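Hey, can you work out the whole structure from these sequences and the hints?
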Amino acid sequence: MYAPNFAAPQSIDDAVRMLGADGAKPLSGGTDLIVQMRSGRNRPDHIVDLKKVPGLIGIKAEGAGFRVGAATPGAELGEDKALVAAYPGIVEGAELIGSTQVQGRASLAGNLCNASPAADSVPAMAACGVKAVVVGPNGEREVPVQDIPAGPGKTSLGKGEFVKEFVLPALPANSGDAYLRFIPRTEMDIAVVGAGVQIQLAGDGTVAKASVWLGAVAPTIVEVDASCLIGTKLDDAAMAKLDAAAQAVCNPIDDKRGTIEYRTKVAGVMARRTAEIAFKRAGAR
Amino acid sequence: MAKIHVTTKINGEDAEFLCEPQQTMLDVLRDELSLTGSKEGCGSGDCGACSIIVDGRLVCSCLMFGAEASGAEITTIEGIANGDTLHPLQQKFLEHAALQCGFCTPGVLVASKALLDANPSPTEEQARYWLAGNLCRCTGYDKIIEAVMDAAAEMRGE
Numbered sequence: 196m197y198a199p200n201f202a203a204p205q206s207i208d209d210a211v212r213m214l215g216a217d218g219a220k221p222l223s224g225g226t227d228l229i230v231q232m233r234s235g236r237n238r239p240d241h242i243v244d245l246k247k248v249p250g251l252i253g254i255k256a257e258g259a260g261f262r263v264g265a266a267t268p269g270a271e272l273g274e275d276k277a278l279v280a281a282y283p284g285i286v287e288g289a290e291l292i293g294s295t296q297v298q299g300r301a302s303l304a305g306n307l308c309n310a311s312p313a314a315d316s317v318p319a320m321a322a323c324g325v326k327a328v329v330v331g332p333n334g335e336r337e338v339p340v341q342d343i344p345a346g347p348g349k350t351s352l353g354k355g356e357f358v359k360e361f362v363l364p365a366l367p368a369n370s371g372d373a374y375l376r377f378i379p380r381t382e383m384d385i386a387v388v389g390a391g392v393q394i395q396l397a398g399d400g401t402v403a404k405a406s407v408w409l410g411a412v413a414p415t416i417v418e419v420d421a422s423c424l425i426g427t428k429l430d431d432a433a434m435a436k437l438d439a440a441a442q443a444v445c446n447p448i449d450d451k452r453g454t455i456e457y458r459t460k461v462a463g464v465m466a467r468r469t470a471e472i473a474f475k476r477a478g479a480r
Numbered sequence: 012m013a014k015i016h017v018t019t020k021i022n023g024e025d026a027e028f029l030c031e032p033q034q035t036m037l038d039v040l041r042d043e044l045s046l047t048g049s050k051e052g053c054g055s056g057d058c059g060a061c062s063i064i065v066d067g068r069l070v071c072s073c074l075m076f077g078a079e080a081s082g083a084e085i086t087t088i089e090g091i092a093n094g095d096t097l098h099p100l101q102q103k104f105l106e107h108a109a110l111q112c113g114f115c116t117p118g119v120l121v122a123s124k125a126l127l128d129a130n131p132s133p134t135e136e137q138a139r140y141w142l143a144g145n146l147c148r149c150t151g152y153d154k155i156i157e158a159v160m161d162a163a164a165e166m167r168g169e
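These protein sequence lines map, in sequence, to chains V and B. The first sequence: position 150 = 345 (our numbering), numbered continuously. The second sequence: position 38 = 49 (our numbering), numbered continuously.
Among these hints, one or two may not hold up.
[To be verified] Here are some chain V residues pointing at chain B (derived, C-beta under 10 Å):
id : residue
1  : Ala-198
2  : Ala-203
3  : Val-230
4  : Lys-246
5  : Pro-249
6  : Pro-268
7  : Ala-270
8  : Glu-271
9  : Asp-275
10 : Gln-296
11 : Gly-299
12 : Arg-300
13 : Phe-377
[Stated by the list, open to error] 16 Å max Cα-Cα, derived EDC-like pairs, lysine to aspartate or glutamate:
id : chain 1 : residue 1 : chain 2 : residue 2
14 : V       : Lys-255   : V       : Asp-275
15 : V       : Lys-246   : V       : Asp-209
16 : V       : Lys-276   : V       : Glu-257
17 : V       : Lys-246   : B       : Glu-24
18 : V       : Lys-255   : V       : Asp-240
19 : V       : Lys-428   : V       : Asp-399
20 : B       : Lys-14    : V       : Asp-240
21 : V       : Lys-326   : V       : Asp-240
22 : V       : Lys-247   : B       : Asp-66
[Unchecked claim] Calculated Cβ distances over 12 Å to all of chain V for the following chain B residues:
id : residue
23 : Arg-41
24 : Thr-134
25 : Gly-151
26 : Met-160
27 : Arg-167
Keep in mind the hints are simulated off the structure, nothing from the lab. Computed from a prediction, not measured in an experiment: that's the story for all the values here. Glycine included, each C-beta is placed from N, C-alpha and C at the ideal position.
Following this line, the structure appears as structure tokens:
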């Protein structure tokens, strides 16, 4: 009979040691892992609950940025007014994951390390330059979030490594972020396309810097070449170029939520719409 | 693997149990503690019939291991009424006929209680979004929402 071990370490060192065992899996909110265990897709020998490790849950303001514990539930992100004000796009991505019940458990690190191409919290984090603090047998390293997923269900993390927290950088002046996703229903579905954008404005109100990432259109999230937006106020010509650039990086699958052609077309639309929201938010600051 | 000994608090009372590492909190409630009010609809966090409140957060007990309950404070449907006196939500569900087969009802009540704990004056839209993770195949939801809004008003003394 299947009978894993369960442990809830109370220090980083113990967690690293336990996760170094063969067949060990970290547990944060469990909203993916427990479902996968039930279906038989994932059968860890050791379940290592990280939520009792100090710092894994909670949000700390740090200068003009934030440190967010890896296992902090989505609901807690949405309740943090300062975080919502600074990074509304990251929070709206995280809050799109599942129901109220799922929000009570689901975490940024779980969403990232489950490595679904459609993970809703990841594109906006990548657009905002968020780094994951990874700890493991060889100490600590900071990794851009987009470098953690390596393909559906696969990560670049080594044995014994896990994400401890996320560093949300000091908010750039005159910047705004946004996340939009398209799903076939109104709520609680998996993204057909997700788009995360951060835009920074120059003094004259034109775009100085733009970062655009798409989810669910390739094995991992992909970056869109958004150089066409620089120096513009998102006029029609710039938006047409962004639409084309977004479609150009798509390498999606066909599934019940959308065909390759459909996903590709929608990716262009979502990139434009999300850029518009980020632009407005940047201008309002 | 030996069973795990867990001490916790359920519906205001100290509780302890032994569980297998892979047993969910829902399994523990139903099979070890005979608290069978929480239902298993899907077992994958989609239906909300197993909703419980853990340390103030609404969660699906099928998406939590029993071992994680160590040191937590848990509210289940069995802890909603005050002895023989129904909670206003329960009373309003009866008055509005907000249940038919009843399978989803414990989860809906626990989720509704969590809503009113967090927000005593929800708008109808907020109530519908909050309860979007509780599936009901009978009522069509309108009666549930009417009962929740009415209970909220009564609890506010209106």
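Results of checking the hints against the structure:
Hint status for Ala-198 of chain V relative to chain B: holds, with the closest Cβ pair at about 5 Å, below 10 Å. Interface restraint check for Ala-203 of chain V: the shortest CB-CB distance to chain B comes to about 7 Å, inside 10 Å, so the restraint holds. Hint on Val-230 of chain V holds. Least Cβ distance to chain B is approximately 5 Å, under the 10 Å limit. With 10 Å as the threshold, the beta carbon of Lys-246 of chain V comes within range of chain B, its nearest partner Cβ sitting at about 8 Å, so the hint holds.
This hint is violated: Pro-249 of chain V has a C-beta 15 Å from the nearest C-beta of chain B, more than the 10 Å allowed. Because the beta carbon of Pro-268 of chain V sits about 7 Å from the nearest beta carbon in chain B, less than 10 Å, this interface hint is met. Contact between Ala-270 of chain V and chain B, as hinted, is supported at the beta carbon level, the nearest pair being about 6 Å apart and thus within 10 Å. Evaluation of the Glu-271 of chain V hint against chain B yields a held restraint, the C-beta minimum of about 9 Å falling below 10 Å.
Hint status for Asp-275 of chain V relative to chain B: violated, with the closest Cβ pair at about 15 Å, above 10 Å. For the restraint placing Gln-296 of chain V at the interface with chain B, the shortest Cβ-Cβ distance is roughly 4 Å, inside the 10 Å limit, so the hint holds. Interface restraint check for Gly-299 of chain V: the shortest CB-CB distance to chain B comes to about 4 Å, inside 10 Å, so the restraint holds. A cut of 10 Å between beta carbons decides the hint on Arg-300 of chain V: the least distance to chain B is about 5 Å, and the hint holds.
Annotation: Phe-377 of chain V was flagged as interfacial toward chain B, and the flag is violated, the nearest CB pair being 18 Å apart, outside 10 Å. This hinted pair checks out: Lys-255 of chain V and Asp-275 of chain V have alpha carbons roughly 10 Å apart, not beyond 16 Å. With a CA separation close to 13 Å, the supplied pair Lys-246 of chain V and Asp-209 of chain V stays within the 16 Å bound. About 15 Å separates the Cα atoms of Lys-276 of chain V and Glu-257 of chain V, which keeps this hinted pair within 16 Å; it holds.
Taken as a hint, the Lys-246 of chain V and Glu-24 of chain B pair is broken in the structure, with Cα atoms around 24 Å apart against an allowance of 16 Å. Taken as a hint, the Lys-255 of chain V and Asp-240 of chain V pair is broken in the structure, with Cα atoms around 33 Å apart against an allowance of 16 Å. For the hint pairing Lys-428 of chain V with Asp-399 of chain V, the CA-to-CA distance comes to about 10 Å; that is within 16 Å, so the pair holds. Straight-line distance between C-alpha atoms of Lys-14 of chain B and Asp-240 of chain V comes to about 15 Å, which keeps the hinted pair within the 16 Å bound.
Among the hinted pairs, Lys-326 of chain V with Asp-240 of chain V is inconsistent with the structure: their alpha-carbon atoms are about 29 Å apart, more than 16 Å. At roughly 14 Å between alpha-carbon atoms, Lys-247 of chain V and Asp-66 of chain B fall within 16 Å of each other, so this suggested pair holds. With a minimum CB-CB distance of about 15 Å to chain V, Arg-41 of chain B clears the 12 Å threshold, and the non-interface call stands. The claim that Thr-134 of chain B lies off the interface holds: its Cβ sits roughly 15 Å from the closest Cβ of chain V, which is beyond the 12 Å cut-off.
Non-interface status of Gly-151 of chain B relative to chain V is upheld: no Cβ of that chain comes within 12 Å, the nearest being about 16 Å off. The beta carbon of Met-160 of chain B sits about 17 Å from the closest Cβ of chain V, which is more than 12 Å, so the claim that it is off the interface holds. A cut-off of 12 Å between C-beta atoms confirms that Arg-167 of chain B is not in contact with chain V; the least separation is 21 Å.
This entry does not satisfy hints 5, 9, 13, 17, 18 and 21, going by the numbered hints stated previously.
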